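> Each chain, written out:
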Amino acid sequence: MRNSCFITFLLLMTAIMPVVAQERVPDQNPRYMESYLHYAPLADSLNAFHATTLQQTYKAYNYFEAKAERKAQRREWRQQRRLQNIRYSPSWQYTSPWGYDDYYYYRPYRRTASMFTSYLTATALAFGIYSLWR
Amino acid sequence: MFNVTQGAVISALCGCLFLAACAPRQVTRVSENEQIDVSGRWNNTDSRLVAEAMTTNILSENWLSDFLQQHKGAKPVVIVGLVSNKSHEHIDAETFVKDVERSFVTTQKVKLVQAGSKREELRGERADQQKNASVSTMKKWGLEIGADYILQGSINSIVDSHKKKNVTYYQVDLELTDIQSNEVVWIGNKKIAKYIRN
Chain A
0 MRNSCFITFL LLMTAIMPVV AQERVPDQNP RYMESYLHYA PLADSLNAFH
50 ATTLQQTYKA YNYFEAKAER KAQRREWRQQ RRLQNIRYSP SWQYTSPWGY
100 DDYYYYRPYR RTASMFTSYL TATALAFGIY SLWR
Chain B
0 MFNVTQGAVI SALCGCLFLA ACAPRQVTRV SENEQIDVSG RWNNTDSRLV
50 AEAMTTNILS ENWLSDFLQQ HKGAKPVVIV GLVSNKSHEH IDAETFVKDV
100 ERSFVTTQKV KLVQAGSKRE ELRGERADQQ KNASVSTMKK WGLEIGADYI
150 LQGSINSIVD SHKKKNVTYY QVDLELTDIQ SNEVVWIGNK KIAKYIRN
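Protein chains in written order, with numbering that gives the first Met the number 0: chain A, 0 to 133; chain B, 0 to 197.
Source of the hints: derived by calculation from the structure; they are not laboratory data. All values derive from a computational prediction rather than experimental measurement. Worth double-checking, as some hints may not be accurate.
Covered stretches of chain B, as calculated for chain A (at least 3 residues, CB under 8 Å) [stated by the list, open to error]:
{"#": "1", "stretch": "75-89"}
{"#": "2", "stretch": "115-129"}
{"#": "3", "stretch": "174-185"}
All C-beta atoms in this analysis are idealised placements derived from N, C-alpha and C, irrespective of residue type, glycine included.
Make the full structure from the sequences, and use the hints.
This is the structure:
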């Protein structure tokens with residue numbers, strides 16, 4: 000604790016010393032030290048932007064660009080819809096590229112090819128029984 | 000369906016298209032002062048116009064003669080600060096600010112000190128010399144020249160467009176401020192307006 004206080008004092012003195020060394024000028028604000036102590040630690044970060052261009056651009060409206068963007072957006076949505084349709088179509092059995100099937104994930108309303116086959120089998124059996132019965 | 004003549008014409012057209020597609024790209028060197036507007040956006044001509052206006056303006060204004068008079072002929076020292084691009088396009092101010100800096104150095108009317116990352120690099124090199132250079136050639140700390148003025152700026156734009164018509168207005172402002180007193184001693188600006196019809 001004592002050591003840390005001493006180090007803080009030393010740092011403060013090191014920061015103040017150059018200013019103290021400056022001779023006071025007539026009409027100088029007597030509270031100039033407060034300003035110095037505020038800005039001295041910030042100097043590096045503030046001066047890092049010297050000789051650079053800060054890009055604060057905005058997006059201007061352009062009729063043709065907006066039209067092209069709407070078209071691109073529509074195309075993207077259509078592609079997503081197509082992928083979704085393929086993903087959930089009954090004739091497509093999904094196999095995960097990570098080596099395991101995601102069949103075990105909870106997806107109660109998913110229709111798979113095997114279910115579709117079982118519907119067909121059940122219908123064929125029912126039709127056969129009905130034919131025999133008749 | 001097609002007779003022989005029609006077939007030949009279609010084949011020739013297809014051949015021409017194929018050859019046109021295979022034609023190599025043509026690149027021609029042009030003069031940097033030639034005005035070539037392709038898209039209507041900010042280009043080298045705009046940057047050159049700004050640089051020309053600023054360099055002629057900054058060295059001929061009263062702030063320079065006033066400083067020389069007040070400091071008995073000592074040249075003012077300028078540092079380049081931040082330029083904010085608040086327009087709708089990506090514009091790097093270095094393309095025209097460098098021309099202004101170059102005019103300071105070539106005319107020898109104003110002293111220029113390094114700023115930003117280049118100044119950091121210089122200080123890094125000086126720090127390295129303290130360990131690696133011979134004592135006689137080692138550069139000392141605390142002898143940099145303090146700047147009298149800082150050059151700052153901003154780029155703004157206004158866009159008015161409707162369907163095929165577009166008016167773009169750019170305003171580039173550079174300001175020179177006294178670091179001691181915060182007094183703005185010079186403001187230079189260049190306004191560029193473009194009418195673009197698609």
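> Hint by hint, note whether the structure agrees.
Each hint, compared with the structure:
1. 75-89: holds (count 12)
2. 115-129: Three-residue rule met by the stretch 115-129 of chain B, so holds; n is 5.
3. 174-185: violated (count 0)
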